[in-house]
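Heads up: the sequence lines are chains A and B, in that order.
Going by our numbering, the letters in the first sequence line up with residues 1 to 287, in that order.
Going by our numbering, the letters in the second sequence line up with residues 1 to 283, in that order.
It should be emphasised that the hints constitute simulated quantities derived from the structure, not laboratory data.
This structure is a prediction, so every number in the text was calculated from the model and none was measured.
Check before you lean on any hint, since a few could be wrong.
[Unchecked claim] The calculated label-pair distances, taken between Cβ atoms and stated as ranges, are:
1) A/P120 - B/S91: 37 to 45 Å
2) A/L249 - B/F61: 54 to 62 Å
3) A/L151 - B/S91: 22 to 30 Å
4) A/L245 - B/I119: 25 to 33 Å
5) A/F3 - B/P116: 47 to 55 Å
6) A/N52 - B/R55: 18 to 26 Å
7) A/A112 - B/N5: 25 to 33 Å
For glycine and all other residues, C-beta sits at the position ideal for the given N, C-alpha and C.
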Amino acid sequence: MDFLFSYLTLVAIFIILSLSTNLLVGIVGIFSVSQAAIFGLGAYIVGYCLVNDVMSFLPALAVAALASLVLNVLITLPSLRVSGDYFVVTSFGIQLLATAAFTNLTEITGGASGMPGIPPAEFFGLSFDSGFKNFLLAAIAATIASLWFALLMRAPFGRLLRAIREDELAVAAFGKNVLFAKVRAAAIAGVMAGAAGGLYAVYLSFIDPTTFDLNASVLLLTMVVLGGARTLAGSIVGPLVLLALPQLLTFIDIPTTTAAAVRQGIYGLLLILFMVFRPQGLVGEKL
Amino acid sequence: MLALNLLINGLVTGCALGVVAVSFQLAYSTTRIFHVAHAGIYTLAGYLAFSMVERGLPDPFAIIIAALICAALGALIQYALYATLERRRASHLSVLIASLGVLAVIQNVISAFYSPNIIPFTSAWRGQMMSLGLTEVQVATLIVCLAVFAAALLFARLTPLGKRIRAVASNPFLAEITRLRPQQTYIIVMAIASAMVAIPGALVAMDLGLQPYNGTTVLLTATIAVIAGGIGSLTGAFALAVLITVLQNLSLLAISGEWSVGITFFIFLIFMLFRPTGLFAQR
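Next up, chain A with everything else stripped away, as it sits in the complex (with noise of 0.2 Å):
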């Protein structure tokens, strides 16, 4: 049962992830392969809080999830000046920088060997200690951005984002402000993934660079490739799939030293065979 829970638990925090890489990769359309580092940037802030008992869990949270938008619209911002191809480079320099930035400022994040004992979420005089409590939580969290998400594709602004990744040229000429939207856009996926990475945290209790590098990215890509581009089920069928293969793995028998490299194998696989075959994933729309 536990087991059960863990799993679910994990699901539930990559669906809040899925969707945040959903918005700006599927329905913006900017290829981004440093969401991961927007995710360790708020279980870095929320561990490091609880930790040296800065502030409790929910103000740790809003900050990890202003720095988080903070530093994601900072990201996207070169990516309304300059054409797709070079976005690519700045999303992968920041990725980079990160995972040196968490590996290197030791003071701060416990380095290599990551930051371990980081205590469980409470408020409200609730304590979320158990698996089942933390589940609980996660579930409630992904509920809420599964709505938002929802929400935000029937309303006027999903249309006109939807419309900008179609034909910005054309938006622009409508008179909407494309720049203005894809900092909205860029705003939420950060405000999710950082308040991702804060459950995270308190979830694992520890929390090592390893997590947030770009083999990370690529697996919160290949959940939206494989679920599917710009929908709801497409973000929630994904992570559902992708955790389970490490689970399956272990069925098979090699190595613990190979089976990180066999799994990023497999979800790069999984990437150019969806992109030949099977552009629109699982349940979504074509990217």
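For chain A, the structure is supplied; the task is to place chain B on it using the hints.
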């Protein structure tokens, strides 16, 4: 003295990176695909050379054979993946994601087959010191990479194939009408670019050892050089790659090595703000 050493080291690594940048420039300006998987081919070349040297092959042959295998792989990626995606009218984003997929597959297959950790290259001549604190393999890197760059320049300017590639790069539609067969040209270009990137890939591995995930940072720096040098300019890509690496090395005097990605990235942001078309832009 330390500054001089860093400068010379920067020049050597810079020339190796210059060839990576030139090869990426060739592939990118012709096919218009942001070929992220190029980093994987760069890494693979080092491991291929390593395996062959381990089996007793002389180093130069190992490098040449590694380059040939990489050329075949590059051509295969273009033929089987990028061309298929183009036929299916995949969006630019899809091609990019597929390319990232190829990179992940190559890196992790290497990691699973060899080791995720760094492997030192035990070549007979790598430890030999020469004047100015350079090892023999570094001198070889410098000479070979300069030669490859010169050859690439002459090839693009003078040979019929080079002219054909430039024609396809400047206008694929017109090239199609005049029977230059862009799709076939793309395959050739990818093969050439992959063979080119294999040479610094193998030489740098002999100098610094092998690591499956290093290629990403190398390619990132090379693409920054490509953009800062100006899309389409081989000389610009090479010159900027050398410049960035030298600056990166000299920055070690003031800032510790873990932040060198930050330095590179900072240079990129400055270019993006003040000269987004690059120094030697052709169009």
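Evaluated hints:
1. A/P120 - B/S91: 37 to 45 Å: holds, 43 Å
2. A/L249 - B/F61: 54 to 62 Å: violated, 39 Å
3. A/L151 - B/S91: 22 to 30 Å: holds, 27 Å
4. A/L245 - B/I119: 25 to 33 Å: Holds, since A/L245 and B/I119 (Cβ atoms, about 28 Å apart) stay within the stated range.
5. A/F3 - B/P116: 47 to 55 Å: Check failed, 27 Å falls outside 47 to 55 Å.
6. A/N52 - B/R55: 18 to 26 Å: violated, 54 Å
7. A/A112 - B/N5: 25 to 33 Å: Holds: the Cβ-Cβ distance is about 28 Å, inside 25 to 33 Å.
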